[in-house]
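Novice: Chains A and B are the protein sequences, given in the same order. Just so we're aligned, residue 3 is where the first sequence starts under the numbering used here, counting upward by one. Just so we're aligned, residue 2 is where the second sequence starts under the numbering used here, counting upward by one.
A portion of the hints provided could be inaccurate.
[Said to hold, decoys possible] Listed next, with one range per pair, are the computed distances between beta-carbon atoms:
id: 1; chain 1: A; residue 1: Asp-234; chain 2: B; residue 2: Asp-21; range: 51 to 59 Å
id: 2; chain 1: B; residue 1: Glu-185; chain 2: A; residue 2: Tyr-194; range: 52 to 60 Å
id: 3; chain 1: A; residue 1: Glu-341; chain 2: B; residue 2: Ala-19; range: 52 to 60 Å
id: 4; chain 1: B; residue 1: Ala-275; chain 2: A; residue 2: Arg-45; range: 44 to 52 Å
Hints were generated in silico from the structure; no laboratory data involved. Idealized CB from N, CA, C, for every residue including glycine.
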Amino acid sequence: MLQTLESCGAREAASSFPAQYLRAFGFMLLSRTLDEKMAVLYRAGKIHGGVFLGRGQEALSVSLGMALRKGDIFAPLIRDGAGRLAFGEPVLDAVRTYLGSALGPMRGRDGNVHRGRPLEGLLPMISHLGAMISVVNGALMARRFKKMEGCVGAASIGDGATSTGAFHEALNQAAVERLPLVLVVANNQYAYSTPNHRQFACEDLMDKAAGYGVSARHVDGTDLEDCLRVLDMAVAQTRAGGGPQLVVGRLLRLCGHGEHDDAHYIDAELKKSPLGRDCLKVAEERLLREGWAGAEAIGAMRQQAAQKVDEAVATVQREPAPDPYKENWCALKCSHLSEVFEVPVPATQP
Amino acid sequence: MSITYLEAIREAQARALAEDPRVFIYGQDVGAFGGAFKATKNLAREFPGRVLDAPISEDAIVGAAIGAAIEGMRPIVEMQFADFSTPGFNQIVNHAATLYWRTRVPCPITIRLPSGGTSGGGPFHSQSMESLYAHYPGLIVMTPATVEDAYSMLLEAVAIDDPVIFCEHKRLYYHLKAPALPTEAMPAGKARIARAGRDLTIVTYSAMLQDALAAAEELAAEGSEIEVVDLRTIKPLDTDTVMASVARTGRLLCVGESFPWGGVTAEVVARVAAEGFGLLDAPPQRLNAKDTPIPYHPNLWLVHRPTAQSVCAAARNLLHT
């Protein structure tokens with residue numbers, strides 16, 4: 003029932019830069035369209051729990067997803083819709099998880115951005131920030147045990163997660179083990195409502211890398227070309243045995259933490275600054291300016307994205323929700339070791 | 002020729018490494034040094050590249066074990082002391098324990114916790130963490146009390162497709178001996194009648210089994226026949242064996258080394274009270290450590306936790322209720 007990761011995750015080796023740029027733009031556009039649809043469904047009360055958008059972070063995210071190959075490991079975070087699509091996650095996975103379809107990868111047991119396909123290298127995040135980095139490390143250690151060479155593992159975090167112990171432990175671990183890890187920090191200036199100056203006191207998040215013996219790079223998260231170039235370089239360098247790489251993208255979150263959050267606390271000056279540029283708009287303007295795509299072609303892409311998302315939503319809305327009476331309430335693979343707790347009321351059907 | 006509880010743990014790991022290429026060991030000082038207690042002595046030499054020293058990063062140690070398990074490995078994590086599993090608690094309870102439920106991808110990791118008090122251990126090298134982990138769905142919690150179980154249950158832990166918290170008691174490491182390694186074993190999830198009796202049931206696990214058996218011996222001299230149940234795994238908890246024993250004796254005393262609020266002993270009493278109320282001839286009783294951090298000085302520690310003497314006194318009291 004589950005599709006495998008779509009082959010679009012694989013890079014076309016021979017593609018020219020304009021073609022790569024246009025492809026990245028396509029994923030960004032699809033991600034933005036999907037996000038906006040989820041926001042609409044949220045406001046219509048069709049989604050249980052939260053909706054978390056990647057608005058403003060698509061260029062950085064897609065560049066990571068595109069730099070990875072099938073067979074790599076990717077632990078995206080909450081604003082990585084574009085990177086997920088580029089890595090090959092089907093649109094249906096997102097829609098099914100947001101709408102709680104029993105046919106989705108999480109089957110209603112987990113929701114929204116907590117989705118993935120661990121056996122295909124796409125790791126489903128837990129909510130505790132920084133926690134996925136060491137898991138990617140472990141997956142890479144396993145690959146090394148199995149003598150599988152040439153794999154890269156990537157994890158995404160935000161500025162807030164750089165304050166966690168998990169970040170520190172995992173980046174140090176990756177350095178000690180000299181693992182092919184790319185850790186991408188999307189510094190979107192706010193962790194929920196907390197601004198950078200209440201989050202860290204170093205001049206620059208990139209400075210943290212030196213303390214672990216890790217290479218680091220900056221990237222302008224609003225500029226797709228810079229993102230594609232820097233992420234490609236970081237992934238290629240670690241794939242070639244260069245050890246862990248930290249990439250810090252500077253950008254601004256162009257939405258609330260989730261759709262429940264109006265983001266009133268975001269500094270108006272930041273919004274007007276170059277950081278506040280919308281990477282999707284910037285990329286579209288570049289495409290037109292360079293003549294890599296015409297307005298008509300972009301309009302058609304927009305229409306195709308909307309259609310793809312609408313079809314996915316229409317499909318999922320016809321799918322069954324999980325049935326609590328048919329659910330297998332067993333948290334163990336070894337079900338014979340599961341305990342049955344008697345409930346002192348007779349079982350009822352609705 | 003005899004083998005200690007600690008040697009059994011080492012031998013089980015050696016066998017797991019030898020028989021299953023997916024197994025590796027990851028923990029602080031487990032490599033060339035052989036572990037703080039020498040539970041991995043010589044294993045790094047015998048299995049090059051598969052017994053790895055880790056930085057002092059319990060969260061990342063468990064996180065890496067989870068990632069490796071997703072990729073099909075069978076990691077054994079050694080926490081240097083059970084107490085130090087708390088910095089790794091998040092990865093254990095929120096990640097390892099939820100992975101299969103969320104994704105259908107199993108998480109076969111074994112986390113060894115050198116548990117319980119030893120003389121001079123103090124507040125941070127003496128704790129028993131089994132109740133904390135047993136509280137969370139998705140984990141199996143083993144508490145071997147014998148050399149044979151230390152060996153066979155550790156091998157079983159590695160073979161199980163779910164995360165297993167393996168609570169090995171440090172007080173048993175050197176002094177508990179068996180003539181040889183076992184050739185057969187009871188399965189996980191089954192309790193064992195460690196001593197048969199008809200007057201009172203003591204349900205216990207881990208090192209407290211030794212104190213309970215000593216108490217039973219002393220009470221035998223007074224004419225009381227005490228049945229001692231060794232739970233072996235506390236999750237799953239073998240309620241059937243406990244209930245059958247209480248049906249024979251009518252009296253229940255639960256003994257555990259951990260803190261008194263909640264925990265294994267409370268769970269056993271709750272189950273027997275709810276499901277076997279009519280079997281009881283007297284109110285079920287629990288004996289645990291005191292509700293303070295674990296003291297350093299041997300004089301204080303001796304009184305802080307249950308001992309054969311206090312188990313004996315509690316049992317005697319219950320026999321006369």
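Novice: Against this structure, judge whether each hint is valid.
Specialist: A quick look at each hint next to the structure:
| no. | hint | in the structure |
| --- | --- | --- |
| 1 | A:Asp-234 / B:Asp-21: 51 to 59 Å | violated (39 Å) |
| 2 | B:Glu-185 / A:Tyr-194: 52 to 60 Å | holds (56 Å) |
| 3 | A:Glu-341 / B:Ala-19: 52 to 60 Å | violated (33 Å) |
| 4 | B:Ala-275 / A:Arg-45: 44 to 52 Å | holds (46 Å) |
When held up to the earlier numbered hints, the structure conflicts with 1, 3 and fits the remainder.
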